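Start from chain A and add chain B according to the hints.
Chains A and B, in that order, give the protein sequences.
The opening position of the first sequence corresponds to residue 0 in numbering that gives the first Met the number 0, with each subsequent residue numbered one higher.
The opening position of the second sequence corresponds to residue 0 in numbering that gives the first Met the number 0, with each subsequent residue numbered one higher.
Warning: the hint list may mix true and false statements.
From the derived model, a few chain A residues whose C-beta atoms are all more than 10 Å from chain B [claimed, not checked]:
hint : residue
1    : R6
2    : L71
3    : P101
Stretch-level coverage of chain B by chain A, calculated; a stretch enters the list once three of its residues show a Cβ under 8 Å from a Cβ in chain A [what the hints assert, rightly or not]:
hint : region
4    : 27-33
5    : 93-103
Hint data in this document are derived by calculation from the structure and do not stem from the laboratory.
Keep in mind the model is a prediction, meaning the values are calculated, not measured.
Cβ atoms here follow ideal geometry from the backbone N, Cα and C, with glycine treated the same way.
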Amino acid sequence: MSQPPIRIVLAKVGFDGHDRGLRMVARMLRDAGCEIIYLGLRQTTENVVAVVEQEDADAVGLSMHNAQHLTLAPRMVNALRNADLDVPVILGGVIPDRDVAPLTEAGVAVILGPGASAEEVVCAVREAVASRS
Amino acid sequence: MKRDSVTPADLLKMAVSGNRHAIGRLLSLVEKGGATADEVGTATHPLSGDARIIGITGPPGSGKSTLVSQLLKVITDAGLNPAVIAVDPSSPLTGGAILGDRVRIDATDTGAFIRSIATRGHSGGLALAVPGGIRVLDAVGFDPIIIETVGVGQVEVDVTATADTTIVVANPGTGDAVQANKAGLLEVADIFVVNKSDLAGADDARRDLELMLDLSHMTGQEDPTGRRPPIVMANSLDGSGSTELWSAIVDHGNHLVSTGQIEARRAARTRAELHSRAAGRLLAALDRAIDSPSGQAIVDGLRNRDVSPAEASDQLMRPILHED
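With the rest of the complex left out, here is chain A:
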């Protein structure tokens, strides 16, 4: 029996109205055979966790352009851990280089910047999902 498709929740958390990038990523992953549970704009951390549970998602993709990534991305990682969900968080959007190390330290699995190709996005998601315990 073949492996079922990767299921990934895509969301923007917090007050952030720029969703074109997230829609592009959704399309890249769709064309790579993934199932995307698309939540879109203005989600809360708690709602994303509830959706991951109900949808039994394999990964969470967050897109951030509101400069709150140092607060909200670690908060998402911790909320998933506290809910006993072994689900990698993949971060995209505008993330300054100097923030990459602290975010990785905080448990963000992958950080993708502007200009990431479809291939990079898809590989990053596949690797992050495959590396789960």
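Chain B alone, transformed into the frame defined by chain A:
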């Protein structure tokens, strides 16, 4: 929670005690199919069968998800514990899918359980995993269970074989009285919703549906009990129509019970599911037979005009049907 180390029976225990991730994982097992899905079916079957199943169908963009969102508020206000299976299409090319129903369904206030399911190659408006998914949600105590189909055209009416009550969502400006009398989707509604009723043409849409129902009465195609499907005008901008829709659903449920139609519908549903499962096995056996060396010989015989199409199919089917 480590994956693959928990049995379906353990998951079901956790799910029944309210663990939502366990419910989600059971639904994934059902979607995956095969022996583990069968185990889930075996475990949940005795615990299920009582929940009301409500189907919502209609064209893409007609407002099904938004209507479900409104309906969930009314249902939870009534003290019930609803779940939703929202189906969206998989790409026939890559198998990928964008499951976007949750963008419209705001469940943060209601706490309703919602699962998005991709069709994964199945046509007809639903996914193969829907009956098994309903069984899981029913077994862990959700009632009612709402099934939102993919956006459908005119003939994808699988949902009627799954739901107790089928709601067809229509919009203003999508067709005239001739469209309304074409065969297919509009014939299967237990309740109509004219959604986006704030838009121009809403009254025309309602009139066209009423005329269509008048003709159903004249030609004897109406429900054998003489029930006429109500038409609910709904508009998600101000939430109007959702309370009326829920009343119509409850009325239809009572009607099914008082006329005994509920038993007939559920018997037909059971038959359809058994038929579909058995057909799947039959098709698999047929594939094996036709791809075997003896099957290939039959194909060759047909191609060389040694046997007729009817003879060839007899030869192929005889061992499968044990008619030899």
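**Asked** Does A:P101 sit more than 10 Å from chain B, CB to CB?
**Response** holds, 28 Å
**Asked** Are all beta-carbon distances from A:L71 to chain B longer than 10 Å?
**Response** holds, 17 Å
**Asked** Would you say the region 27-33 of chain B counts as covered by chain A, given the rule of at least 3 residues with C-beta under 8 Å?
**Response** holds (count 5)
**Prompt:** When you look at the beta carbon of A:R6, is every beta carbon of chain B farther off than 10 Å?
**Reply:** Given a closest Cβ separation of 8 Å, the condition is violated.
**Within 8 Å of chain A (C-beta), three or more residues of the region 93-103 of chain B** = holds (count 9)
The structure shown violates just one earlier hint, number 1.
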